[in-house]
Each structure stands twice: as structure tokens, then as C-alpha cells.
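Trainee: Here are the chains, one letter per residue:
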Amino acid sequence: SQKIEQNSEALNIQEGKTATLTCNYTNYSPAYLQWYRQDPGRGPVFLLLIRENEKEKRKERLKVTFDTTLKQSLFHITASQPADSATYLCALVFSGGYNKLIFGAGTRLAVHP
Amino acid sequence: GAGVSQSPRYKVAKRGQDVALRCDPISGHVSLFWYQQALGQGPEFLTYFQNEAQLDKSGLPSDRFFAERPEGSVSTLKIQRTQQEDSAVYLCASSPLGETQYFGPGTRLLVL
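Those protein sequences? They're chains X and P, same order as listed. Mapping to our numbering: the first sequence position 20 is 20, numbers consecutive. Just add 113 to wherever you are in the second sequence, counting from 1, and you've got our numbering.
Treat the hints as calculated values from the structure; they're not laboratory data. A portion of the hints provided could be inaccurate.
What the hints assert, rightly or not - Residues on chain X that point at chain P, a partial pick, calculated with CB under 10 angstroms:
(1) Lys3
(2) Tyr28
(3) Ser29
(4) Tyr36
(5) Gln38
(6) Gly43
(7) Pro44
(8) Leu74
(9) Pro82
(10) Lys100
As the list claims (entries may be wrong) - Pairwise CB distance ranges, derived in the manner of DEER restraints:
(11) P/Gln193 - X/Lys17: 33 to 41 angstroms
(12) P/Arg135 - X/Ala79: 38 to 46 angstroms
(13) P/Glu212 - X/Gly16: 14 to 22 angstroms
(14) P/Phe179 - X/Gln14: 42 to 50 angstroms
(15) P/Glu212 - X/Asp39: 19 to 27 angstroms
To be verified - Cut-off 30 angstroms, straight-line C-alpha distance, at most; resulting in silico cross-link-like pairs (DSBU-like, lysine-lysine):
(16) X/Lys71 - P/Lys127
(17) X/Lys55 - X/Lys17
(18) X/Lys71 - X/Lys59
(19) X/Lys71 - X/Lys55
(20) X/Lys3 - X/Lys71
(21) P/Lys170 - P/Lys127
(22) X/Lys59 - X/Lys3
(23) X/Lys3 - P/Lys170
(24) P/Lys127 - X/Lys3
All C-beta atoms, glycine included, are put in the ideal place defined by N, C-alpha and C.
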């Protein structure tokens with residue numbers, strides 16, 4: 001069955017640095033991959049989507065890459081701020097699956113002033 | 114505009130009780146999803162509706178779980194004879210048949 005791995009340990013970084021989060025998957029490549037942010041007690045919020053034929057996507061301070069050979073996506077937050085502290089979830093969507101999301105367990109990011 | 118809302122936000126049930134969780138999606142959104150999120154884990158797919166039709170219920174963990182969306186808008190997830198392992202956050206998401214899903218705040222269910 002499909003397995004999605006995200007760094008299980010929290011990532012602690014200093015304000016202003018770039019945070020890099022990893023999402024690895026096994027078996028089949030998805031049609032596309034999404035990144036969500038989740039704050040405690042709240043539902044996930046969509047951030048970025050990248051398709052299987054795209055290598056990189058950017059939105060403001062966010063950048064996501066997708067390597068279907070390595071079966072890996074990297075999510076970068078540049079010039080990080082304490083307000084970026086949250087759990088970041090990667091989610092895969094496979095074609096023919098009604099766009100249902102298959103989530104990783106998430107990585108908790110803490111940005112310290 | 115209003116986002117996805119869910120009620121109740123918190124529910125404590127005694128083992129064996131039936132519970133009903135409500136989801137009000139964003140108006141006009143065709144797709145509606147239910148997910149279950151255990152503590153420290155990512156959400157797991159339960160079921161999917163396109164309008165009033167339940168097209169995928171492959172993620173429902175047992176026949177004690179039942180979902181409906183009779184008029185293609187509000188949806189209810191019902192859990193019969195709750196068990197302790199049902200304790201989790203239940204998330205609802207809606208989408209205008211596109212790729213982005215908009216999540217509600219979730220209902221936190223605790224079964225004692």
C-alpha cells in the first residue's frame with residue numbers, strides 16, 4: 001500500500017532562516033501533491049499544489065519541488081517568521097481517486113525569535 | 114464569506130452511545146469529504162460525496178459509521194455504538210469540484 005513519510009521530529013529553526021520540510025512516498029507517483037498548514041485545534045489550510053510534470057512551484061516565501069524519480073517533495077519557507085510555526089502536511093492525490101487526499105503524518109515546525 | 118463549519122466542536126460520549134456530527138460546506142461546493150485525524154497523525158479519508166451521491170465510502174472503518182448528504186449540501190456523519198478507538202478529530206472538507214479542499218475546524222470526539 002502507499003506510504004508517505006514526513007520528518008516525524010519537530011524542526012526547530014531560527015527566525016530569518018530557511019525551513020526545509022521533506023515528504024517521501026513509496027510505490028506509485030501521484031497525479032499531484034499538495035502542502036497544507038495546520039494549527040492546533042484547526043483544520044488544514046491549503047498552501048501549494050504541484051503536478052507530476054512540474055519541477056517547482058513558488059508562492060511568496062514558499063517554494064515546493066517535486067522529484068518523481070526520487071519520489072520526494074521538498075517544501076521551503078524562506079525568511080521564516082515565528083508566525084510560520086505550525087504543522088505542515090503533505091498530501092498526495094492519485095488520478096481516478098475523486099481528488100481524495102492521502103496525507104502524511106505532518107512535520108511540526110517551530111521558528112524561534 | 115463563510116467557510117466550512119462543523120458542529121459540535123467537541124463531543125464527549127459514553128461507550129456504546131450513538132453520535133451525529135454535522136458539516137455545513139461552503140455554499141455551492143459540489144464535493145464533500147470526511148476525514149478522521151488521530152492525535153499526532155495526518156487526516157485519513159473516510160468518505161466522499163458529489164452532490165447527494167456518496168461515490169466512495171472505502172475509508173469508513175466499520176459498518177457502525179454512516180454518512181449522508183440528502184440534499185447535496187449539509188452532511189452528517191453518524192457513528193453508532195461508539196468505541197474508545199473512535200476517539201479522534203473528524204474533519205469535513207468541501208471543494209467546488211476542483212483540486213483545493215477547504216477544511217472545517219473539526220469535531221473532537223472523545224469516547225469514555
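Trainee: If a hint holds in the structure, say so; if it doesn't, say that too.
Mentor: The hints, checked one at a time:
Taken as an interface hint, X/Lys3 does not check out: its beta carbon lies about 12 angstroms from the nearest beta carbon of chain P, beyond 10 angstroms. At about 16 angstroms, the closest approach between the beta carbon of X/Tyr28 and any beta carbon in chain P exceeds 10 angstroms, and the interface hint on this residue is violated. Annotation: interface hint on X/Ser29 violated; nearest CB of chain P at approximately 16 angstroms, more than 10 angstroms. The interface hint given for X/Tyr36 holds, since its Cβ lies 8 angstroms from the closest Cβ of chain P, which is under the 10 angstroms cut-off.
Taking 10 angstroms as the C-beta cut-off, the interface hint given for X/Gln38 holds, the closest approach to chain P being about 9 angstroms. A distance limit of 10 angstroms between C-beta atoms decides the matter here; for X/Gly43 the minimum to chain P is near 3 angstroms, and the interface restraint holds. Here the hint on X/Pro44 is kept, as its CB sits about 5 angstroms from the closest CB of chain P, short of 10 angstroms. Hint on X/Leu74 is violated. Least Cβ distance to chain P is approximately 18 angstroms, over the 10 angstroms limit.
Violation of the interface hint for X/Pro82 is found here, the shortest Cβ-Cβ separation to chain P being roughly 22 angstroms, above the 10 angstroms cut-off. Below 10 angstroms, beta-carbon pairs count as interface contacts, and X/Lys100 has one with chain P at about 5 angstroms; its hint therefore holds. The beta-carbon spacing between P/Gln193 and X/Lys17, approximately 50 angstroms, falls outside the hinted interval of 33 to 41 angstroms. Take P/Arg135 and X/Ala79: their Cβ atoms lie about 41 angstroms apart, and the range 38 to 46 angstroms holds.
Between P/Glu212 and X/Gly16, the C-beta spacing of about 32 angstroms breaks the proposed range 14 to 22 angstroms. Between P/Phe179 and X/Gln14 the beta carbons are some 49 angstroms apart, a value that agrees with the proposed interval 42 to 50 angstroms. Roughly 22 angstroms separates the CB atoms of P/Glu212 and X/Asp39, a value that falls within the hinted 19 to 27 angstroms. For the hint linking X/Lys71 to P/Lys127, the alpha-carbon distance of about 44 angstroms lies beyond 30 angstroms, and the restraint is violated.
Taking the CA atoms of X/Lys55 and X/Lys17, the gap is about 23 angstroms. The hint holds against a cut of 30 angstroms. Between the alpha carbons of X/Lys71 and X/Lys59 the distance comes to roughly 22 angstroms, so the proposed pair stays at or under 30 angstroms and holds. A distance of roughly 12 angstroms separates the Cα atoms of X/Lys71 and X/Lys55; the hinted pair therefore holds under the 30 angstroms criterion. Proposed proximity of X/Lys3 and X/Lys71 is supported: the alpha carbons are some 11 angstroms apart, at most 30 angstroms.
Taken as a hint, the P/Lys170 and P/Lys127 pair is honoured in the structure, with Cα atoms around 26 angstroms apart against an allowance of 30 angstroms. Under the criterion of a C-alpha separation no larger than 30 angstroms, the hint pairing X/Lys59 with X/Lys3 is consistent with the structure, at around 27 angstroms. A hinted pair counts as satisfied when its Cα atoms are at most 30 angstroms apart, and X/Lys3 with P/Lys170 qualifies at roughly 20 angstroms. With a CA separation close to 34 angstroms, the supplied pair P/Lys127 and X/Lys3 exceeds the 30 angstroms bound.
When each numbered hint is compared with the structure, violations occur for hints 1, 2, 3, 8, 9, 11, 13, 16, 24.
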